[in-house]
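In order, the protein sequences belong to chains A and B. End of the first sequence sits at 111 in the numbering used here; the numbers just go up one at a time, nothing left out. End of the second sequence sits at 221 in the numbering used here; the numbers just go up one at a time, nothing left out.
In short, the hints are calculated from the structure, not lab data. Every residue, glycine too, gets a C-beta built ideally from N, C-alpha and C. Careful, some of the hints might be misleading.
To list a few chain B residues with every Cβ distance to chain A over 10 Å, as calculated [as the list claims (entries may be wrong)]:
#1 Q113
#2 V121
#3 L123
#4 S136
#5 V154
#6 I158
#7 S172
#8 K178
#9 Q180
#10 A188
#11 A206
EDC-like cross-link-like pairs, simulated, lysine to aspartate or glutamate; straight-line CA separation at most 20 Å [unchecked claim]:
#12 K161(B) with D207(B)
#13 K137(B) with E177(B)
#14 K137(B) with D169(B)
#15 K148(B) with E72(A)
#16 K57(A) with E125(B)
#17 K161(B) with E99(A)
#18 K17(A) with D3(A)
#19 K57(A) with E22(A)
#20 K148(B) with D3(A)
#21 K18(A) with E79(A)
#22 K148(B) with E177(B)
#23 K148(B) with D59(A)
#24 K148(B) with E79(A)
#25 K213(B) with E42(A)
#26 K57(A) with E72(A)
#27 K213(B) with E56(A)
#28 K137(B) with D38(A)
#29 K161(B) with E151(B)
#30 K170(B) with E127(B)
#31 K213(B) with E151(B)
#32 K57(A) with E79(A)
#33 K213(B) with D38(A)
#34 K170(B) with D207(B)
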Amino acid sequence: EADIYQTPRYLVIGTGKKITLECSQTMGHDKMYWYQQDPGMELHLIHYSYGVNSTEKGDLSSESTVSRIRTEHFPLTLESARPSHTSQYLCASRAGGFEAFFGQGTRLTVV
Amino acid sequence: QQPVQSPQAVILREGEDAVINCSSSKALYSVHWYRQKHGEAPVFLMILLKGGEQKGHDKISASFNEKKQQSSLYLTASQLSYSGTYFCGTPGGGADGLTFGKGTHLIIQP
């Protein structure tokens, strides 16, 4: 059973609002990731972190930002949400080169 | 570089077999396979490492040919629970983040 949690599961918000998607894991993994996935489509890596105070942008350009102040916590923030940000956001963590554990995701709808 | 999966979709009757392929234009050292059911998180199935290893998970097995830069996932005597989207992923993103293929949608009918 994976111990990685995302909140909220669903979020509907108006254009221009600031939002933060939460992701926490209790496995002590150093590497954490954010993926963006449109319905029925592939996962795109948008952010990653090697550990505390390490954050980098991934393959897919994103207007979101992330922070990693604690090992277990990797929140994603959108300063001003737009309809184009509507998607599912999946957080994952990994120890070394082994399997990645995914959270249940946050389905974001910007109206 | 994104791995290429084929086929895009498969519809099977329960008990039939299926093969899903994953290929890459760059050298591979490992291939990861995940299954995602509708509305759920992707779940890890197996990792294939350099050396042509075959791995198994219940009646799901996979092979990896690093010379051909490809991997295949074999689903034998498929069950209804096998329905979902299968993704192959290859390391290459930062912090060993996986780059996933577009996925193969598998539908198992009774």
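Verification of the supplied hints:
1. Not every Cβ of chain A is farther than 10 Å from the Cβ of Q113(B); the closest lies at roughly 8 Å, contradicting the non-interface assignment.
2. No beta-carbon of chain A is positioned within 10 Å of the beta-carbon of V121(B); the least distance is around 15 Å.
3. Listed as outside the interface, L123(B) is consistent with that label: its C-beta sits roughly 19 Å from the nearest C-beta of chain A, beyond the 10 Å cut-off.
4. Every Cβ of chain A is farther than 10 Å from the Cβ of S136(B); the closest lies at roughly 15 Å, confirming the non-interface assignment.
5. At roughly 8 Å from the closest C-beta of chain A, the C-beta of V154(B) falls inside 10 Å, breaking its exclusion from the interface.
6. At roughly 7 Å, the least C-beta separation between I158(B) and chain A is not larger than 10 Å, which violates its mark as non-interface.
7. Interface exclusion of S172(B) from chain A stands, the closest Cβ pair being 17 Å apart, more than 10 Å.
8. No Cβ of chain A approaches the Cβ of K178(B) within 10 Å, the least distance being about 21 Å, so the stated non-interface status holds.
9. Distance to chain A confirms Q180(B) as a non-interface residue, since its nearest Cβ pair spans about 18 Å, more than 10 Å.
10. The Cβ of A188(B) sits about 25 Å from the closest Cβ of chain A, beyond the 10 Å cut-off, so the non-interface label holds.
11. With a minimum CB-CB distance of about 4 Å to chain A, A206(B) fails to clear the 10 Å threshold, and the non-interface call is violated.
12. Proposed proximity of K161(B) and D207(B) is supported: the alpha carbons are some 16 Å apart, at most 20 Å.
13. Taking the CA atoms of K137(B) and E177(B), the gap is near 10 Å; set against the 20 Å cutoff, the hint holds.
14. At roughly 30 Å between alpha-carbon atoms, K137(B) and D169(B) are farther apart than 20 Å, so this suggested pair is violated.
15. Straight-line distance between C-alpha atoms of K148(B) and E72(A) comes to about 26 Å, which puts the hinted pair past the 20 Å bound.
16. The straight-line distance between the Cα atoms of K57(A) and E125(B) is roughly 42 Å, outside the 20 Å bound, and the hint therefore fails.
17. For the proposed pair K161(B) and E99(A), the alpha carbon gap of about 16 Å is at most 20 Å, so the pair holds.
18. Of the supplied pair hints, the one linking K17(A) and D3(A) is violated, its CA atoms being roughly 30 Å apart against a limit of 20 Å.
19. Annotation: proposed proximity of K57(A) to E22(A) holds, straight-line Cα distance about 18 Å (limit 20 Å).
20. With a C-alpha separation of about 19 Å, the suggested pair K148(B) and D3(A) falls inside the 20 Å cut-off, and the hint holds.
21. Between the alpha carbons of K18(A) and E79(A) the distance comes to roughly 4 Å, so the proposed pair stays at or under 20 Å and holds.
22. Restraint check for K148(B) and E177(B): not satisfied, since their Cα atoms lie roughly 28 Å apart, outside the 20 Å limit.
23. For the hint linking K148(B) to D59(A), the alpha-carbon distance of about 24 Å lies beyond 20 Å, and the restraint is violated.
24. At roughly 31 Å between alpha-carbon atoms, K148(B) and E79(A) are farther apart than 20 Å, so this suggested pair is violated.
25. About 5 Å separates the Cα atoms of K213(B) and E42(A), which keeps this hinted pair within 20 Å; it holds.
26. Between K57(A) and E72(A), the direct Cα distance comes to roughly 19 Å. Compliance with the 20 Å bound is thereby established for this hinted pair.
27. Between K213(B) and E56(A) the alpha-carbon distance is near 23 Å, which puts this suggested pair outside the 20 Å criterion.
28. Between K137(B) and D38(A), the direct Cα distance comes to roughly 26 Å. Violation of the 20 Å bound is thereby established for this hinted pair.
29. Only pairs whose Cα atoms come within 20 Å are accepted, and K161(B) paired with E151(B) is rejected, the gap being roughly 30 Å.
30. Annotation: proposed proximity of K170(B) to E127(B) holds, straight-line Cα distance about 12 Å (limit 20 Å).
31. At roughly 17 Å between alpha-carbon atoms, K213(B) and E151(B) fall within 20 Å of each other, so this suggested pair holds.
32. Of the pairs offered as hints, the one joining K57(A) and E79(A) holds, with about 16 Å between alpha carbons and a cut-off of 20 Å not exceeded.
33. At roughly 11 Å between alpha-carbon atoms, K213(B) and D38(A) fall within 20 Å of each other, so this suggested pair holds.
34. Our distance criterion of 20 Å between C-alpha atoms is broken by K170(B) and D207(B), whose separation comes to about 28 Å.
In this structure, the earlier hints numbered 1, 5, 6, 11, 14, 15, 16, 18, 22, 23, 24, 27, 28, 29, 34 are contradicted, and the remaining ones agree with it.
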